[in-house]
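2 protein chains.
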Amino acid sequence: MRLAKQTILRLFQYREFLILAKSIGIKNVYSDTLAEALGSSATQVRKDFSLFGITGNKRAGYQLDDLLSQLNELLGKNEKQKVIIAGAGNLAKALMQYEGFKKEGIEIVALFDNDPVKCDPQNDPPILPIEDLYNFVSEKQVELGVIAVPYYVAQQILDLMIVAGIKGVLNFAPIYLKAPKDFFINDMNLRLELETVAYLIKTRTKAGVHKESS
Amino acid sequence: MRLAKQTILRLFQYREFLILAKSIGIKNVYSDTLAEALGSSATQVRKDFSLFGITGNKRAGYQLDDLLSQLNELLGKNEKQKVIIAGAGNLAKALMQYEGFKKEGIEIVALFDNDPVKCDPQNDPPILPIEDLYNFVSEKQVELGVIAVPYYVAQQILDLMIVAGIKGVLNFAPIYLKAPKDFFINDMNLRLELETVAYLIKTRTKAGVHKESS
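These protein sequence lines map, in sequence, to chains A and B. In this text, residue positions in the first sequence follow this note's numbering: the first is 1, and each later residue adds one. In this text, residue positions in the second sequence follow this note's numbering: the first is 1001, and each later residue adds one.
Take the hints with a grain of salt, since some may be wrong.
Straight-line alpha carbon distances no greater than 27 Å define the calculated DSS-like cross-link-like pairs of lysine-lysine that follow [what the hints assert, rightly or not]:
1) K5/A - K1080/B
2) K202/A - K1080/B
3) K1005/B - K1080/B
4) K47/A - K1005/B
5) K1080/B - K82/A
6) K1093/B - K202/A
7) K181/A - K1140/B
8) K178/A - K1202/B
9) K202/A - K1047/B
10) K82/A - K27/A
11) K1202/B - K202/A
12) K22/A - K1093/B
13) K93/A - K1181/B
14) K47/A - K1118/B
Chain A regions said to be covered by chain B (calculated; three or more residues, Cβ under 8 Å) [to be verified]:
15) 85-91
16) 112-126
17) 183-193
A few chain B residues facing chain A, derived, Cβ under 10 Å [what the hints assert, rightly or not]:
18) G1056
19) R1059
20) A1060
21) G1061
22) L1091
23) Y1134
24) D1182
Please keep in mind that the hints were generated in silico from the structure rather than gathered at the bench. Ideal Cβ positions, reconstructed from N, Cα and C, are used throughout, including at glycine.
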C-alpha cells in the first residue's frame, strides 16, 4: 500500500514551506496559509494531514514545530539517500546543480557513462564507466537511480540497475520502460511536458473545440 | 474547457508509437497493442480515442494511417510552435539537446540570461540579455516559455513573460508561481520528483506503515 505520488509531492512542498516559515519566526500556521502559498486548497491541506493523524486547532492552526517534526519523521528526512545517475550529459549536470539537491538528504554518489572522454574517477562525485555500475551499486547498496541516457539504451541500463539492486528510478528517457511490479519508475518526459503546454496554449485560442475529460 | 493534462500526454505518446509502428510496416493497430507498448490499459486507450469520436473495429483494430492523421489534426503537429527559454544554464543545454525536440514541431527561438558571459547573440538560437526578452517575445509573437532560472528570480521572469505575451510555461523553478487564471503553468520540480521515488523506496521496505490515499 502506498501513498499516491501527488500526495507525497504535496507533503514535500508543505515541509519546504514550513522550513521557510520557521526561518522567519512563524510559530503557528493555518491550512489557509499553506494552501495560498502552494496554490492548493485548505480542504486539501487538512485532508492530507489528517491521513497521518495530524490535526490542527481551529483558532491556532497547526503548531509549526510539531507539524515539521511529524513531516520529517514521515518523510524520513534524516536518512541520507544515495543516488546514482546513468548518463553524464547536460541533464546530469543540471541535476547536480539543481538548487537544494545537495542539502536535502539526497546525495549523488556517482555518475556513469559509456563515453571514456566523459569518465573521471577523480571527480566528486566520480564519473565511472558503465561497466562499473553493477559493482558500485551492489557494494555501496545504492537503491535510487536516475536514467539520463539516450532512449535506445535506457531499457538496457534499467535492467542493469535492477540486477545491481536499484529499487526505483527517475527516468528522463522518453520511452516506456519495463520493470518488475515492485520497482518504481517516475517518468519525466520533458518534451511531452513542453508539448502539452504548447497544445493547451493552442487550443485555448480555439474555444469550444474539445470536450472536457478527466 | 480543456482536456486533462494526463490525457494529452497519452495522446502524444500514442502518436509517437504510431509513427514508429508505421515505420516498420504496420497497417492496423489494436488497443491492446497500444496499451502494452505504453504501459496503459486497452480500456484507457479506447476511452481516450472515443473522446474524439475515433472508433476502432473489433477485429481489425484501428487503421493506422487514419488514426495517425486524426491525432495529427487533433494535436496540431503541423504548426510549428516557437519557445523561449529563460536561463541559459545546464538545464537549458539539456533541453536543447533533448532527443526529438527539434524535429517535433517545437522550435527554441532564443535563450535569455542575465549573465553577460553567457550571452551570445551569434549563437543559434541566440542567447540574449534578459532585458531583450520583452521586445523579442512581443515582436516574434512567441507564446510558449520555459523557466530555467534560479527560484528567487522565477516569479519576476514569469511576470515579464506574461506582460510580453507568453501564454504558458514549463517551469523548473521549485516554487509555486502566481499567474492569471488563463495562463498555463506546468511545474517540473525535479528534486521533488526524485525525493518522491526515494520516499517510495524507503517506505516499500517498511510494510504497512502508511494508509493508502488517492
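Evaluated hints:
1. A C-alpha spacing of about 33 Å is found between K5/A and K1080/B, which places the hinted pair above 27 Å, so the restraint is violated.
2. Proposed proximity of K202/A and K1080/B is supported: the alpha carbons are some 11 Å apart, at most 27 Å.
3. Straight-line distance between C-alpha atoms of K1005/B and K1080/B comes to about 20 Å, which keeps the hinted pair within the 27 Å bound.
4. At roughly 23 Å between alpha-carbon atoms, K47/A and K1005/B fall within 27 Å of each other, so this suggested pair holds.
5. Proximity of K1080/B to K82/A is assessed by CA-CA distance (about 41 Å); at most 27 Å being required, the pair is judged violated.
6. In summary, the hint linking K1093/B to K202/A is supported, as the alpha carbons are separated by about 26 Å, within the 27 Å threshold.
7. Distance restraint check for K181/A and K1140/B: the Cα-Cα separation of roughly 48 Å exceeds the 27 Å cut-off, and the hinted pair is therefore not satisfied.
8. In summary, the hint linking K178/A to K1202/B is supported, as the alpha carbons are separated by about 21 Å, within the 27 Å threshold.
9. Distance hint between K202/A and K1047/B is fulfilled; the C-alpha atoms sit about 23 Å from each other, no more than 27 Å.
10. With a C-alpha separation of about 33 Å, the suggested pairing of K82/A with K27/A is violated against the 27 Å cut-off.
11. Taken as a hint, the K1202/B and K202/A pair is broken in the structure, with Cα atoms around 41 Å apart against an allowance of 27 Å.
12. Our distance criterion of 27 Å between C-alpha atoms is broken by K22/A and K1093/B, whose separation comes to about 36 Å.
13. Under the criterion of a C-alpha separation no larger than 27 Å, the hint pairing K93/A with K1181/B is inconsistent with the structure, at around 34 Å.
14. Annotation: proposed proximity of K47/A to K1118/B is violated, straight-line Cα distance about 46 Å (limit 27 Å).
15. Restraint check on the stretch 85-91 of chain A versus chain B: 3 residues with Cβ-Cβ distances below 8 Å, three needed, restraint holds.
16. Judged by the Cβ-Cβ criterion of 8 Å, the stretch 112-126 of chain A is not covered by chain B as claimed, because only 0 of its residues qualify and three are needed.
17. For the stretch 183-193 of chain A, the stated coverage by chain B holds: 8 residues have a C-beta nearer than 8 Å to a C-beta of that chain, and at least 3 were required.
18. Interface restraint check for G1056/B: the shortest CB-CB distance to chain A comes to about 18 Å, outside 10 Å, so the restraint is violated.
19. At a threshold of 10 Å, the smallest CB-CB gap from R1059/B to chain A is about 26 Å, leaving the interface hint violated.
20. The closest approach between the C-beta of A1060/B and any C-beta of chain A is roughly 24 Å, which is over the 10 Å cut-off, so the hint fails.
21. Of the supplied interface hints, the one on G1061/B is violated, with its beta-carbon coming no nearer than about 19 Å to a beta-carbon of chain A, more than 10 Å.
22. For L1091/B, the shortest C-beta to C-beta distance to chain A is roughly 4 Å, which falls under 10 Å, so the interface hint holds.
23. About 19 Å separates the beta-carbon of Y1134/B from the nearest beta-carbon of chain A, more than 10 Å, and the hint is not met.
24. Given the 10 Å rule on beta carbons, the hint for D1182/B holds: about 7 Å separates it from the nearest Cβ of chain A.
Of the numbered hints listed earlier, those contradicted by the structure are 1, 5, 7, 10, 11, 12, 13, 14, 16, 18, 19, 20, 21 and 23.
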